[in-house]
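Chemist: Sequence:
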Amino acid sequence: MFQQTEKDILLREELDEVHIHHPDKFSLWYTLDKPTEGWKYSKGFVDAAMIKEHLPPPASDVLLVMCGPPPMIQNACLPNLEKLGYHSQNIFVY
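Residues 3 to 96 (our numbering) are what the sequence shown spells out, left to right.
A couple of the hints might just be wrong.
[Claimed, not checked] Cross-link-like lysine-lysine pairs, in silico, BS3-like; alpha carbons within 27 angstroms at most: (1) Lys54 to Lys85; (2) Lys42 to Lys9; (3) Lys36 to Lys54; (4) Lys9 to Lys45.
Hints were generated in silico from the structure; no laboratory data involved.
Produce the complete structure using the sequences and hints provided.
Modeler: Right, here's the structure in full:
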């Protein structure tokens, strides 16, 4: 997920809850443009290295769910996911 600040993260509590209860089936990684000091997730531009470091490798049973500004999704996330071998049927953007 990519947002400007923590308060912009949609469904943060719900997503964190799912991750806590199902860590073997649900990975979660946030990316902010303007994080506060002490932020433990990523900041800045989404690139292939960030994706490779924090997401599971491409597989038929992997579903990537993303949200963020359309230009970031179209110009950063999707091209880098494609470059790393992810298929569009395994990607959901909201």
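Chemist: Give a verdict on every hint.
Modeler: Each hint, compared with the structure:
1. Lys54 to Lys85: Cα-Cα ~11 angstroms, so holds.
2. Lys42 to Lys9: holds (15 angstroms)
3. Lys36 to Lys54: With a Cα-Cα distance of about 22 angstroms, the restraint between Lys36 and Lys54 holds, given a limit of 27 angstroms.
4. Lys9 to Lys45: holds (15 angstroms)
Figure legend: structure checked against the earlier numbered hints; every hint is met.
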